[in-house]
Each structure stands twice: as structure tokens, then as C-alpha cells.
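Participant: The listed protein sequences correspond, in order, to chains W and P. At position 87 of the first sequence the residue is numbered 87 (full-length UniProt numbering), and the sequence of numbers has no breaks. At position 483 of the second sequence the residue is numbered 483 (full-length UniProt numbering), and the sequence of numbers has no breaks.
Hints listed in this document are in silico derivations from the structure and should not be mistaken for laboratory results. Be aware that a few hints might be false.
As the list claims (entries may be wrong) - DSSO-like, lysine-lysine: derived pairs with alpha carbons at most 30 Å apart:
(1) P:Lys312 - P:Lys384
(2) W:Lys270 - P:Lys393
(3) P:Lys51 - P:Lys120
(4) P:Lys331 - W:Lys218
(5) P:Lys164 - W:Lys128
What the hints assert, rightly or not - Each pair of labels, with its calculated beta carbon distance range:
(6) W:Arg321 - P:Lys393: 43 to 51 Å
(7) W:Gly220 - P:Gln447: 34 to 42 Å
(8) W:Gly130 - P:Asp189: 53 to 61 Å
(9) W:Asn152 - P:Ser309: 50 to 58 Å
(10) P:Glu235 - W:Gly130: 33 to 41 Å
(11) W:Gly220 - P:Asp189: 50 to 58 Å
(12) P:Lys393 - W:Gly143: 53 to 61 Å
Said to hold, decoys possible - Listing some non-contacts, in silico: residues in chain W with all C-beta distances to chain P over 10 Å:
(13) Ala97
(14) Val106
(15) His198
(16) Val213
(17) Ala215
(18) Ile217
For each residue, glycine too, the CB sits at the ideal point set by N, CA and C.
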Amino acid sequence: MEAGNLSKFLKNGAIWGFIVIELIFFSVAGEFMSLSDKAFMDVDNMLLLLKQSAPIGIIAMGMTIIMVNGNIDLSVGAIFALSAVILLDSLTWTVFAGLGDWVIPVSWALALLTGVGLGAINGFIVWKTGVDAFIVTLGSMLGFRGLVFMYNGETPTSSLNWTLVDFAEAQFLGLHTATWFLAIVTLVMWYLMTRTVHGRNAYAIGDNRDAAVNAGIKVGPHMLINFMIIGFLAALSAVVFYSESGSVNPNDGQLYELWVITAVVLGGTKLTGGAGSIVSTLGGVLAIQLLRKGLGHIGADTSTVNLVIGLILIAVLFLDRQLNTKGKEELKL
Amino acid sequence: MSDQTPALRLEGIVKTFPGVRALDGVSLSVMPGEVHALMGENGAGKSTLMKVLGGIYQPQEGRIIVEEVPTVMTSPLQAKSKGIVFIHQELSLAEELTVAENIYLGELPRRSFGRVDWEKLYTQTDAILAKLKVGFNAKTIVGDLSIANQQMVEIARALTVDAKAVIFDEPTASLTDAEKVVLFDVISDLQRQGVGIIYISHRMEEIFKITDRISVLRDGSYRGTLETRNTTEEEVTQLMIGRALDLSRNESNHELGDVALEVRGLSCGHMFKDVSFDVRRGEVLGFYGLVGAGRTEIVETLFGLREPSGGKILLDGEEVRISSPADAISKGISLVPEDRKGQGLVLGMNCRDNMTLPQVGELSSGPFVAPGAETAIFDKYKEKLDIRTPGWKQTVGNLSGGNQQKIVIAKWLSMHPKVLIVDEPTRGIDVGSKSEIHNLIRDLAAQGYAVIVVSSEMPEVLHVSDRIVAMFSGRVMRTFTSEEVTEESLIQAISGITATEKVA
Numbered sequence: 001m002e003a004g005n006l007s008k009f010l011k012n013g014a015i016w017g018f019i020v021i022e023l024i025f026f027s028v029a030g031e032f033m034s035l036s037d038k039a040f041m042d043v044d045n046m047l048l049l050l051k052q053s054a055p056i057g058i059i060a061m062g063m064t065i066i067m068v069n070g071n072i073d074l075s076v077g078a079i080f081a082l083s084a085v086i087l088l089d090s091l092t093w094t095v096f097a098g099l100g101d102w103v104i105p106v107s108w109a110l111a112l113l114t115g116v117g118l119g120a121i122n123g124f125i126v127w128k129t130g131v132d133a134f135i136v137t138l139g140s141m142l143g144f145r146g147l148v149f150m151y152n153g154e155t156p157t158s159s160l161n162w163t164l165v166d167f168a169e170a171q172f173l174g175l176h177t178a179t180w181f182l183a184i185v186t187l188v189m190w191y192l193m194t195r196t197v198h199g200r201n202a203y204a205i206g207d208n209r210d211a212a213v214n215a216g217i218k219v220g221p222h223m224l225i226n227f228m229i230i231g232f233l234a235a236l237s238a239v240v241f242y243s244e245s246g247s248v249n250p251n252d253g254q255l256y257e258l259w260v261i262t263a264v265v266l267g268g269t270k271l272t273g274g275a276g277s278i279v280s281t282l283g284g285v286l287a288i289q290l291l292r293k294g295l296g297h298i299g300a301d302t303s304t305v306n307l308v309i310g311l312i313l314i315a316v317l318f319l320d321r322q323l324n325t326k327g328k329e330e331l332k333l
Numbered sequence: 001m002s003d004q005t006p007a008l009r010l011e012g013i014v015k016t017f018p019g020v021r022a023l024d025g026v027s028l029s030v031m032p033g034e035v036h037a038l039m040g041e042n043g044a045g046k047s048t049l050m051k052v053l054g055g056i057y058q059p060q061e062g063r064i065i066v067e068e069v070p071t072v073m074t075s076p077l078q079a080k081s082k083g084i085v086f087i088h089q090e091l092s093l094a095e096e097l098t099v100a101e102n103i104y105l106g107e108l109p110r111r112s113f114g115r116v117d118w119e120k121l122y123t124q125t126d127a128i129l130a131k132l133k134v135g136f137n138a139k140t141i142v143g144d145l146s147i148a149n150q151q152m153v154e155i156a157r158a159l160t161v162d163a164k165a166v167i168f169d170e171p172t173a174s175l176t177d178a179e180k181v182v183l184f185d186v187i188s189d190l191q192r193q194g195v196g197i198i199y200i201s202h203r204m205e206e207i208f209k210i211t212d213r214i215s216v217l218r219d220g221s222y223r224g225t226l227e228t229r230n231t232t233e234e235e236v237t238q239l240m241i242g243r244a245l246d247l248s249r250n251e252s253n254h255e256l257g258d259v260a261l262e263v264r265g266l267s268c269g270h271m272f273k274d275v276s277f278d279v280r281r282g283e284v285l286g287f288y289g290l291v292g293a294g295r296t297e298i299v300e301t302l303f304g305l306r307e308p309s310g311g312k313i314l315l316d317g318e319e320v321r322i323s324s325p326a327d328a329i330s331k332g333i334s335l336v337p338e339d340r341k342g343q344g345l346v347l348g349m350n351c352r353d354n355m356t357l358p359q360v361g362e363l364s365s366g367p368f369v370a371p372g373a374e375t376a377i378f379d380k381y382k383e384k385l386d387i388r389t390p391g392w393k394q395t396v397g398n399l400s401g402g403n404q405q406k407i408v409i410a411k412w413l414s415m416h417p418k419v420l421i422v423d424e425p426t427r428g429i430d431v432g433s434k435s436e437i438h439n440l441i442r443d444l445a446a447q448g449y450a451v452i453v454v455s456s457e458m459p460e461v462l463h464v465s466d467r468i469v470a471m472f473s474g475r476v477m478r479t480f481t482s483e484e485v486t487e488e489s490l491i492q493a494i495s496g497i498t499a500t501e502k503v504a
């Protein structure tokens, strides 16, 4: 039993241990290698890090439930971009001209609805056709991105609303608006996955679909709901990010799906479904952001950052595998 | 025959597993050109013996002798190189590849630089196929072949080596009558070429048609060899079951209630046809038959996993349509599936969550789970069914088979079903827990549940059932009451023998 608990602790706690190591490494290395005088663990720097984690982090929470459920969603980057276009474009629609600043909640709602709708399309196709989610969302990734380009061609969609920018740049209790959104999404999703019937069933379906069906669980509707959740979160991520930036390029959000999946996998969620946790995903998101920021801090360029993250991802998954197989052997005794 | 040297001889093979003596000094010899049947009930040790022969298990005692040379088998591949070839019931072919590629899988003829010598491959394959007189060629894609022809590919694979003995494991299980004729022709060809054949089957008719001798195993020990010409089906049956049953017959004395489930003329394509039976409250109805007789398909239909093509299902006298497992559960039909780990349990989840899986929704307040109510159910049934686990947090995958099965049964009991169906209740469960599960099933009937038990173990069916439905190739042959059933009549019914008598 004790061995089992130990390996469980290592497994669940590994990502946080990794974060601590990163913090120490970059603080020390920063002393010698950094170009700036500021310490790496400077409060402002850390607050900024949390804020920058939000766009990927919010989507990663949705990806966790999708992957625990045994699916995957490659279209989140495209949903992110299309929702952003709807958000910024609708701010200037003439029908809403009389609303003044009240156009903001309307545009937000439109953007979020776009996300939910696109997610529902994914979920519905996966449910009704039985085609693997990887293939379905690979197709919709291309299709949704196509819609983004059809909307405004190659030109960026821009609209700067200063009320919106003020809101997005605000800090409450020291944390940025984006950070608050990430925190709330994390909390709600954690509650959903650990305390609700839907969350419980998501684990059951991902772990053993046949057994779930035999227990009378309606697998299709659960998958549909999960795709709607991740669609909503991809749109929410766009809302948070573009409220501040005010301009969306049609290529924005590309490769987001891969960053999100990297964070979720780094957090220990199984690609095959059935296991994973929201808290560990948060760890995965922060670990990646720390790495990007830390490597930047000590003067590495973007290509080096990508190389290092790739190597670390493989190394972490290899370690995880070692830990897991070891744990299993011990339990057999 | 006795002046020849046997193609293959097994001498005093002993194989034990913790707590079980699976093979207790089994000896067997196969002459060149002989078809030797190996018979015995499920669990008699046939497959263990074959695994020893194929090197998957190492015996604690005894010798394997191939043409007078004592041999140690380490793997099926090594056994093949010694001329011992297995034709398994379950085919293992790469369906997207050609016949030739399958036959020489892993040992394709090569040319320089690792290139495949296609010409040689196809000529060699066609030479083998010609011997088998089959209607396809070396370049046919295996996936396009019928099951029978795929089996021929397996047999062709066996012929690439100089086979001394070929073991057929239930080769006719999925073949039509016409296809069987072809298979039997191939077997007699092999026979003429001097290959010794071990033929494992439950089907008396075939055994008497093609074999020379019959060896019988029972409870892991060798019970004798009979000359097929000089024996009868009765004599063989006697030898197979002639033990003093350690399980007593079911002698229930409680009152039966109303009919809970009635099935009239139920059919499902070619899986089963015109099946009728009923089960009362307080009764255990057993289903017995060979693999492929349609038992599991019937219970899957009752549970909404298959769409019936005809017939009626009545629950409490009212006709119902069952469209899905969720529908079946809401109507009060529960299924403890055959494959506990594959279909019954979420292995990574804890005991409590598995037990309450079908009813988390009902226990919940709004969308939120109710851990208190769930734990209460777990505690109640842990006590009631004597489930041995450190606590509800224990992952189900870490429990023993018997305790896992109790969790699955508790899962349904806690929802008070009208009909509880248990498919293979004790598969993969150790002997001690078996009787516990049996007693549990009897208790449930005594408490007034209508229970259907599907099993391929005769002692089990006899022990737990009030009545027994005997099935053969998708049809109900006969329904026995526990007073009238005899082991002989049951074996005959599931081998299709009553059918021929009735027709005649």
C-alpha cells in the first residue's frame, strides 16, 4: 500500500516538483546569464507569467475533460481565432451602434456562442458518425480556419474599445483580469470533474467505454457536452486575450491545439482517457509558461525554447512511464 | 499401430498453479497418420496441456517426446521448428496482407539487400495451396476470404515446415457444414502424408466421423483412451463426466413467484432463432450450451445491446421493446457481463464509484454527486456480499476476481432489478470464491429475484439452476427441470443429438 501511495504522490506531485526545479534553476541561472538586473522571481514578473498562461490555460482545462473522456480536439486554435473575429467585428456592427458600451457584453455573448456552436458541431459529428475525434477535429480545424479567412481575407480584424482594454488590463487584488478568468475556469472545471455526475461519467467512459455503456451511461450526449465545453472555453480564451489586444490576425491561434495538448499531457492526463486531473493540468500549463519565460530570461531565442520544451516533454513522459510500471509491479506483490 | 514410433508423446505431464493442480500426470501419444481426439469438459485441462505442448507453460514434471527425441518446448515458434504446429480456434492473420505474405510472415524469402523474393514466395505458396486444393491463390488478400478459407491459410502456414503433429483446437466452431467437409478432406490428406493429428472438439458427431482414437481428460487427469470404432457416445460421455460431483444438485424449497420475464419466439439474425422461455421470481434459470450456441447473444438482446429480428419480450406480462442498455436498466433488467474486466468494470476507478456507476445520476442532488449516499450503498453491500477490500477508495483493478465479481453483482443489486442476468458468473475466479458466488446466486433467488445464469460449466449450471435451457447452434433444444436433468441428457442436448433424434 505504501509503495502505491508513494508512486501516486510522485505521479500527482511530479509536475509541481518540476515547477519548483524550474524556479530555482532560472533564478540561479538568471543571476549569471540574464541581461536584465531584475530577479526572475520578481513579483511583477510572476504576475505577468500567470496572465500570459491564461489563453493556453483556459483551453487546457477543457482539453483535460475531453481527453479524460477519451477524445481529443485539434480544432481549438481555429475556434479561438473565429470567436476572436466575431468578438472584434461585432463591436462595430451598425445594428449595435445604439448600445454604446453595452455592445461589449453582446459581443462577448456572440463570441462565446460561436465557440459553443462550433464545439457542438464537433461533438455532434463524433457522436452520430462514430468517427474518431482526432479525424473529425482535424477536419474541423481546417474547416474553421477556412471560415476565418473567408471572413476577412488576409487582413486582420481590428477594433479597439478602450472600456474593454481598461477592463482587460485591470488588476484586482494584484491579479490581472486574465489571471482571474484562468483561476475561475480552473475552479469550476475542477468542481465539474470531481464533484458532478457528468465528471464522474467522463472518467468512466474514458477508462472503459463498454462498461460505461453497460452501466446505462449515455456516452454520446456526454461527449457532445464536453465538446461544447471546450468550444466555450476556446472562445472565452479569445475573449480574454482580444479584449486587450484589439486586433486578430487570421493566423492567430495556430498551433494552440498542440501547446494545449502538451500542457495537458505534461500534467499527467492519459492520451487513452480515463485518468487526469484539472489541478495537474494547471501545473502543466504553468510549467510550460515558466520554461518559455525562463529561457527567454536567460537569453535563449524562440527556436531554442521550442527545442527544449520538446525534449522535456518526451523526457517527462518517459519518466512517468517508468514510475507507473514500477508502481504496478509493486502492487502485484 | 504399436510397432510404429509415435509422432508425438507426452509422458506424465504435471502442471500446477498456486492452489490448483491443472494437469496431474497426463500422458498421450499420437501415431503418424492418426487422428487423435482430445476431449474433456471446460476446465478439464485440455488448453493447459496444449499450452505446455506449445512451450507457453513449463511443466513441473513429465516429458515431451517428438519422434523418440525428448524435447523441451520454449515457445510456439520453437515448437513449430520441431514440427509441432497449432491451428487455433481464433485466427491470427494480418487481414490486409496477401495469403502468401501471411503464410511466410516473419520468414519471407529474401534476395540481396533485404529485398523480398516475390517470385519464390508466390511459387512456394502456390505449391502449398495446391496440396490443400483450395479455391484461392497466393496473391489473394486474406481479408477477402471466408472464415473457412482463412483457416485454410492457417493450415497452409503449418505446412511450410515438415509437420510431425498438427493440433486442431475446435476448428469447426465457426464453419458451415459445407466448409467442414473441406476441412475434413484436408485433415485426411494430412493423415495420408503421415502427420499425427490431435483434434480437440466437443462435437461428438465429428469426433466419431474422423478420429481413430479418443483420449479423455477430466479435472486435469488422464481418464483413458478409447478406440473410436469400438466405443459409443455414451461411453465417452461417461468418461468425461463420471466424477462424483463435488457440487450438489440444486434443491430449492422456497416458493416461486410470478413470471417476471417471458420471451416468445425471439430471433436475432443467424445468431439465434425462435427462442422461448420464461423465468419466475425466486427462480434461477440456467442457460447451457457450447461456445457459439447463442447464449451470450440472447442475454445481450435482453439487455438492449442487440436488436432482435423477431419475437416478443414480456416483463411482468407486458410486452416491452428494449432499445439500449440504459433502457434495459430503467425497465429493471441488469446484466453481469461475461467479460468482467472488459465490459463490467471501470478498472481504474475505485470500488465505490464502480458500484454506484449506473445510479450516480439518481443518487445525485442536481448535477452534483452525493458521496455520502454512495458510500452508504457501498458499506451496505460490502457487508451483505462480504466483499473483501480495505475500503471504498481501493482501485477495483487491484481486487481479486471473486471480489470484483461481487462488486459487479452489488452494482445491480443495489438498484433492485426485476431480472438479474449473470453471464459466466465464475469465469476466471478461484475455486473458493466460486462456491461463494454460487451461494450468492441461490440466496438472491431465495430473496425473490428472477435470475438468469449463463454458463459453459456443467457442474455450475446443475448446481445453481432450478431449470436449465439447453442450447445448440442458436436454438433451444430442450428445457430441463432440475429433477429430470441428467448429465448425459444435457450433454446430448447441447451437442445437437436430441435434434437428430427428433427429426428422425
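Participant: State the violated hints by number, sorted upward, taking the hints as numbered earlier in the document.
Facilitator: 1, 3, 5, 6, 8, 10, 12, 15, 16, 17 and 18
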